[in-house]
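Student: Construct the complete structure from the given sequences, taking the supplied hints into account.
Note that the sequence shown covers residues 1 to 148 in our numbering.
Treat the hints as calculated values from the structure; they're not laboratory data.
Derived pair list, reagent style BS3-like, types lysine-lysine, alpha-carbon separation capped at 25 Å:
hint : residue 1 : residue 2
1    : Lys130    : Lys69
2    : Lys130    : Lys47
3    : Lys47     : Lys69
Here are the simulated distance ranges between beta carbons:
hint : residue 1 : residue 2 : range
4    : Thr20     : Arg127    : 27 to 37 Å
5    : Leu107    : Gly13     : 46 to 56 Å
6    : Glu4      : Arg101    : 48 to 58 Å
7    : Arg140    : Leu73     : 24 to 34 Å
8    : Ala88     : Thr132    : 32 to 42 Å
9    : Val44     : Leu80     : 33 to 43 Å
10   : Val142    : Leu84     : 37 to 47 Å
11   : Phe123    : Ala88     : 20 to 30 Å
12   : Arg144    : Glu11     : 10 to 20 Å
Owing to the predicted nature of the structure, the values given are computational and were not obtained by experimental measurement.
For each residue, glycine too, the CB sits at the ideal point set by N, CA and C.
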Amino acid sequence: MEKEAWVVEVEAGQVRLRYTRHTACRHCGACFVLGKGPGEEEIVLPKNQLEVRKGDRVVVGLPGTSLLKASLLVYTLPLLLFLLGYLAGAKTGDTLFGAARAEIGGLIGGVLALVLTYVGLHFYDRRLSKATRYQPQVLRIVERASGE
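Tutor: Here's what the structure looks like:
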């Protein structure tokens, strides 16, 4: 995921970028990290990795492996654990209450596993938010500002 942006300000090692988010990607969700809606958005990056200057046009994004790992964590892990929770709950319901109640046990087990997964991901996300590999970075400079 890459997005073109313009450097608005560089101060104390932080970089403030402005970019335009198109209406075509409003419902995609892939750019959620970089903004909230269509129109001009701003983002502040904690480090000036490529020594960019005010007025530079740059490409911002996440490294491909980080985006893939985050997608697997957010989409695949909850689904997998929901299915495992459902199967475990159905087996437990069948053992404890008979075959007639196995479906209810599966539903309870699946929902419980899903809730626990999202709680775990919430705490894991708080830890990963400090890791730079999961934050947007300036990948390359497209055009240098003239005159500065």
